[in-house]
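In order, the protein sequence lines correspond to chains A and B. 1 is the number of the first residue of the first sequence in our numbering; add one for each residue after it. 1 is the number of the first residue of the second sequence in our numbering; add one for each residue after it.
FYI, nobody ran anything at the bench for these hints, they're computed from the structure. Where is the CB? At the ideal position from N, CA and C, for every residue including glycine. Be careful, since some hints might not be right.
[Said to hold, decoys possible] If you want the ones that stay clear, here's a sample from chain B, every Cβ over 12 Å from chain A, calculated: (1) 43; (2) 53; (3) 102; (4) 108; (5) 116; (6) 120; (7) 131; (8) 132; (9) 150; (10) 163.
[Stated by the list, open to error] The list that follows gives simulated cross-link-like pairs (lysine to any residue, SDA-like), each with its CA atoms no further than 25 Å apart: (11) 44/A <-> 86/A; (12) 94/A <-> 120/B; (13) 116/A <-> 169/B; (14) 90/A <-> 104/B; (15) 117/A <-> 102/B; (16) 116/A <-> 104/B; (17) 90/A <-> 154/B; (18) 116/A <-> 154/B; (19) 90/A <-> 158/B; (20) 116/A <-> 170/B.
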Amino acid sequence: MLSILAVDDSPSIRQMVAFTLMGAGYNVIEAADGQEGLAKAREKTVDLVLTDQNMPVMDGFTLVKNLRGLPMYSSTPILILTTESSDEMKAKGKAAGATGWLVKPFDPVRLVEIIKKVIR
Amino acid sequence: MRLSNALESSTADAGRIGGGGTSQRAALVVQETHNDGEVVEDANSVADAIAVVGPQLRIAQREIGRMKGIIDDASSELFTSFCEIQGAFGREDINLTGTGADLALTRAMTALQFQDMVGQLMSGLSQRIGVATEMLDSVSSRGAVPKPGLHFPRQVVLQQDVGSGDVELF
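Next up, chain B with everything else stripped away, as it sits in the complex:
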């Protein structure tokens, strides 16, 4: 804010004074020097903030990766248990009539699918943080010019509850 205000103020003053007197020009130089100092100070603050935030984002990205690994392992274990439980009922196939044990199995499958979706959300979050980190790195090294070609991933998981999804035949 201070940075943009200083720039606006200097620009406006230059416009008003134009080719005016020496004292006015000197005052403008003093003011611009003061503004330049504020601008440099603000730019340094931004660089300092980027230097702190960047590594933290990388840590967050690694932690998300670890969480996804744990969830994937848990999902695999749960599905193995699911298959074993189904086998313990002595059925070779599932008669998914929506009653009793079949209903429980159906609910378990829904839960496992949501676990898979959590994994997707985490992958998306990790990508998003990765892009944000690259943008911050490029801004700090290229002088406020983000690296071209960086774009955030689309949101692909928007489910809000545990109900099953819609079906549409074209």
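Isolated chain A, as found in the complex:
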């Protein structure tokens, strides 16, 4: 079973993402901020990371940069799921190493489609 790391400081968003992805057959590991996400990603290698950007302790961009520095995550799909939609922020996400940018609110059907498209 493929594993996805879902990182968001909002418990309800994490629950909805987990609900959607587990329903689609994925194993979901949750983290409440970038630092916790990085720790969990090191503990168990996942197949895709879905992260918010604006989080306490460590934000999404920093998490992405740190993950890309790890050999096992050099080519793992990393999607940013955020309320932000500016071109400037998207460019920063791309520069950090993100694979894609999803603006909230997410459509569960579309989310599963995108993940199926990028996950190996």
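Position chain B against the provided structure of chain A, taking the given hints into account.
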């Protein structure tokens, strides 16, 4: 306005009169004294206004905190109900095909996400009011010099409708 006009007027008069006669200098002193009085009066008015506005901003910040707490609790309750309803349909997983009950569940998830965004907006508003309050406090205590390092938070939630967000793969 009266404050800046008084300052401008005094400056202009000083320039015109320069080293002129005693009566002119006396007139300038009288005018400057009068202007100084207006300036002091205006400064006192500003301080009085800050003294009133500051506490009100703090009250607003606390009320926003309470509203966010209520919304977070409501969101949690709604999501619990959402899970229970999904369970009542007897499905172990969601087949999100966009029809019937699945569509209703999808709409419920969208609504819950917007509730989460309202919470973010309120957090941002609370921070913004907090910074504004600090600025007012620092101006009133440091003599019109704001405390350095204060900055307002960025706007991070700009959604205008309930449609789902864009997706872009790099």
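So, going through the hints one by one against the coordinates:
1. 43: The claim holds: residue 43/B sits with its nearest Cβ about 40 Å from chain A, beyond 12 Å.
2. 53: 29 Å, holds
3. 102: Violated, because the least Cβ-Cβ distance between residue 102/B and chain A comes to about 9 Å, which does not exceed 12 Å.
4. 108: At roughly 10 Å from the nearest Cβ of chain A, residue 108/B sits no farther out than 12 Å, so the non-interface label is violated.
5. 116: 5 Å, violated
6. 120: 6 Å, violated
7. 131: 17 Å, holds
8. 132: At roughly 21 Å from the nearest Cβ of chain A, residue 132/B sits farther out than 12 Å, so the non-interface label holds.
9. 150: 20 Å, holds
10. 163: 8 Å, violated
11. 44/A <-> 86/A: 33 Å, violated
12. 94/A <-> 120/B: 24 Å, holds
13. 116/A <-> 169/B: Between residue 116/A and residue 169/B the Cα gap is close to 13 Å, so the pair holds against 25 Å.
14. 90/A <-> 104/B: Not OK: residue 90/A and residue 104/B at ~31 Å, beyond 25 Å, violated.
15. 117/A <-> 102/B: 22 Å, holds
16. 116/A <-> 104/B: Holds - the C-alpha atoms of residue 104/B and residue 116/A are around 23 Å apart, at most 25 Å.
17. 90/A <-> 154/B: This hinted pair holds, its Cα atoms lying about 15 Å apart.
18. 116/A <-> 154/B: 33 Å, violated
19. 90/A <-> 158/B: 15 Å, holds
20. 116/A <-> 170/B: 16 Å, holds
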